[in-house]
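**Student:** Here's the letter readout for the chains.
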Amino acid sequence: MSFQRSIRNRTGRRRVRKEFELQLTSMMDVLVIILVFLLKTYSTAINSFTTVAGIKLPVSYSKDVPPDSLQVIITPEGLTFENARIVDFVIAAGGVGSTDSSYTFKTNDLDENGHRIVPLFDALIRAKEKSELLKQRSVKRDAYGKPLPFEGVLAIQADKSIQYDVIRKIMYTGAASGYSVFRFLAKAREGI
Amino acid sequence: MFSRPSHRRRSNTETVQLNLVPMLDAMVTMISFLLFTMSFLQLVSIDSPVPRASTTELEKQLAEKPVQLTLSLRKEESELWSPFERVPTVTIKNAEPGKPDIRAIHDALVKIKQQFPKEIRLILVPYATIPYDILIALMDNSRTLETTDGAVFLKNEQTGVDEPVKVLFPELIFGNLLGDNE
Numbered sequence: 009m010s011f012q013r014s015i016r017n018r019t020g021r022r023r024v025r026k027e028f029e030l031q032l033t034s035m036m037d038v039l040v041i042i043l044v045f046l047l048k049t050y051s052t053a054i055n056s057f058t059t060v061a062g063i064k065l066p067v068s069y070s071k072d073v074p075p076d077s078l079q080v081i082i083t084p085e086g087l088t089f090e091n092a093r094i095v096d097f098v099i100a101a102g103g104v105g106s107t108d109s110s111y112t113f114k115t116n117d118l119d120e121n122g123h124r125i126v127p128l129f130d131a132l133i134r135a136k137e138k139s140e141l142l143k144q145r146s147v148k149r150d151a152y153g154k155p156l157p158f159e160g161v162l163a164i165q166a167d168k169s170i171q172y173d174v175i176r177k178i179m180y181t182g183a184a185s186g187y188s189v190f191r192f193l194a195k196a197r198e199g200i
Numbered sequence: 270m271f272s273r274p275s276h277r278r279r280s281n282t283e284t285v286q287l288n289l290v291p292m293l294d295a296m297v298t299m300i301s302f303l304l305f306t307m308s309f310l311q312l313v314s315i316d317s318p319v320p321r322a323s324t325t326e327l328e329k330q331l332a333e334k335p336v337q338l339t340l341s342l343r344k345e346e347s348e349l350w351s352p353f354e355r356v357p358t359v360t361i362k363n364a365e366p367g368k369p370d371i372r373a374i375h376d377a378l379v380k381i382k383q384q385f386p387k388e389i390r391l392i393l394v395p396y397a398t399i400p401y402d403i404l405i406a407l408m409d410n411s412r413t414l415e416t417t418d419g420a421v422f423l424k425n426e427q428t429g430v431d432e433p434v435k436v437l438f439p440e441l442i443f444g445n446l447l448g449d450n451e
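As given, the protein sequences belong to chains A and B, one line each in that order.
Start counting the first sequence at 9; every next residue gets the next number (the working numbering).
Start counting the second sequence at 270; every next residue gets the next number (the working numbering).
It is worth saying that the hints were derived from the structure and are not from the lab.
It is possible that some hints are incorrect.
Some but not every residue of chain B turned toward chain A, in silico, with C-beta under 10 Å [unchecked claim]:
(1) Leu303
(2) Pro320
(3) Thr324
(4) Asp402
(5) Leu404
(6) Ile405
(7) Met408
(8) Phe422
(9) Leu423
Quick look at which bits of chain B chain A covers, simulated, 3 or more residues with Cβ under 8 Å [as the list claims (entries may be wrong)]:
(10) 287-301
(11) 306-313
(12) 386-399
(13) 433-447
Ideal placement from N, C-alpha and C gives every residue a C-beta, glycine not left out.
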């Protein structure tokens, strides 16, 4: 009996000693498929626009890819300019993120009969001065040897529930601080 | 003389083991790189210049009487009109209160474009509470001419050939930045 067991154990040991090889071919197949899919759908952005969590952007048919510019993000909670929250809305009964008009500006955030957003105006002026200073120091010059002019483009990224009244105030503030073009950002419609 | 059968078999079945490990490493690196640098959110833009007012321009406008097509949006209806009465005013009832009939507005714009193919500017006057997504949809439909729309031709002044126009009113300007709350 003990003799038989020892023989069985010996055969088992022999099996374990056999060289173990990982089957990489099937893994390679999967990786090749993933790689091909990623290469086909790969798209890099030519801008560095960021977004904020929870924002629901509208969808647009436009094919214009926005180049880099200063941007203001509007959510039902507040305004964000260049990654810094500059205005917090007063949230009424509807609550945060609600689709009704439950958000409004604080009274001391507005002036000029409620048209201009003061913190945004200050931030836009600072950004404009910074941009002009950088352009003065830059080696790039126009045909007359003068520094390149300030582009004055302000990208607006807004939640789809934001009302025109807020966007209008932002445009008014932008125009008052020397910005001449407003770039409305939206999510590209799939399949265009 | 024949060699031993066992020896012959061994020489034929000798397999070359391809070393897949470095290839696998490269692939994993590439996939990680693609995943990290890929932008999953593709943004597009619609530009709108700031409206400018000057006395010289106003005098010029009064003399020329441009179309200056204006789209006034209200909660109950939308209106397409020209301050110099170059086009008859078109009133379009909203599909629902607060939701403009975008399709009907687009069709009306196409008809005006057929009359004035050189015109590229549309002045938007939305009401205060219109949501941003409806505004974007309206701007989209006011800018682009679809393939199903009637053909619009514009004479090329250099060649004298009628060429199809591919855009509707790409220059959108907001006309009520200083408007009241309604």
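**Student:** All the hints need checking, so say for each whether the structure fits it.
**Tutor:** Right, here's what the structure says about each hint:
no., hint, in the structure
1, Leu303, "holds (4 Å)"
2, Pro320, "holds (8 Å)"
3, Thr324, "violated (18 Å)"
4, Asp402, "holds (4 Å)"
5, Leu404, "holds (6 Å)"
6, Ile405, "holds (4 Å)"
7, Met408, "holds (7 Å)"
8, Phe422, "violated (23 Å)"
9, Leu423, "violated (21 Å)"
10, 287-301, "holds (count 8)"
11, 306-313, "holds (count 7)"
12, 386-399, "holds (count 5)"
13, 433-447, "holds (count 4)"
Hint compliance for this structure: hints 3, 8 and 9 are not met, and every other hint is.
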